[in-house]
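Colleague: Sequence:
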Amino acid sequence: MNSFEDNLLELIRSHPTLYRNKDKKHKSLILKENCWKEIAKSLNKKRQNVEITPIKAVRRIGDELIVLCKVPYQIDSCRMIVGTTSYRLIPGNQEGDVVYSGQGLTTGECGAHIKNIREDWNGNVTCVLPPQSSNIEVTGTMRLLVARAPGDPHLISPPQPQFKDEDIFSAQCVVPNGRPAAKILWFLDDEQLLEGVHQPVVTDEPGSDLQTVSQNITRTIRADDNNRMLACRAEHEALDQPREAKRQLIVHYPPKRLESGPITVFGLKLGAEGKLNVTVRSNPPPTAVWMVGDIRITAPHSTDNGAITALEPLHLGNGHYNVSLHLARITKEDVERTYYLQVFNDLGREEFTLRMSTMDEPAASTVNSALLLQLYGVELDTGAIVGIVVAVLVLLIAVFLGVFAFATDRWCFAGSRAVGR
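Going by the numbering used here, the sequence shown opens with residue 302, and the numbers climb by one from there.
Source of the hints: derived by calculation from the structure; they are not laboratory data. Just to be clear, a hint being listed does not mean it is correct.
[To be verified] In the BS3-like style, the derived pairs of lysine-lysine whose C-alpha atoms are separated by at most 27 angstroms in a straight line are: (1) K465 x K484; (2) K633 x K570; (3) K416 x K371; (4) K465 x K570; (5) K416 x K357; (6) K576 x K557; (7) K547 x K465; (8) K576 x K484; (9) K357 x K547; (10) K557 x K484.
Could you put the whole structure together from the sequences, leaning on the hints where they help?
Modeller: Here you go:
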């Protein structure tokens, strides 16, 4: 019989109204109810007198634990119940698996240093101390969880082999039979996922103190998720390393352009070979069709004379493809022409307009001006960009000459200064 039951029996004995049939108050339900309230109050008071640290602890087999019970008065004995064994702890005696720990009985401390924790010690650890005034011992109880490694995690996800961009993806991770329940983390490659992670659900296994935890995740699939590895990771106090369950995400999406608006390829030379390049993202791989004047060229094919070749889209990795048109010899007609490219797969298509230029690529300031105009719906070709540069230069020269003439009394400013004199 443990200390709590001893206390309860002692308190019941002190209230004969509860058990003596010959007692005149025995038949009064109100009086008996008041007796039980007094007993409950006394039990709570006695239990609250003991301060115990920690209240709960998780340890692996072979680990150590220090449990400290303290009361606000001197004590002359200290007892600790670990598992099914009651240990009498004596300061100065450090032999055994459970020994005294604390500042001494005179300080009201009854502590236990529990060495080499065993599986069968899983459960309550109770300290038993002498009372301050009555003959009923006081107790304090903490919970010791001896960690037991869970089973391997299971990743439950849709059976389909691939997904589409913007699909809603749901999966569940289940980690069975741990003590305590394992902690689940979600990763996409090395990136920890926090958005879309649901609260974990912990269930007790029937007939045991083991727990199974499950957690769901919901995510909107993106093109960037293609070929990335989704993993549910189980962490637990009894594991040296986390355990994982994984599946690779295959995402199909239509071709996507990486830059907006018409494309101009600079730095080409008349009479030399040249190439128009466009980079797109696509999965599955794209088909490319070029329109050169009235000629339609599907990669990988060439014109009848071999002057123009549409190359097979080159996979650069991670769904990026380089789509190229090769010209054996650039002519003036080629520079003046507009080229059209259509890239498509089973999910959609993307279209591009391209021009080529023999000029060097413009400076960043000019490009920024062109981009600013494009934001307002103005489409700029090579001639328009050159015009902007020339206009800016003419304006700067005019301003400089005006300032120079005013400062030196030249030209029209000379007459106005003379009248002033």
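Colleague: So which of the earlier hints does this model not fit?
Modeller: As far as the earlier hints go, 1, 4, 8, 9, 10 are violated by this structure, in ascending order.
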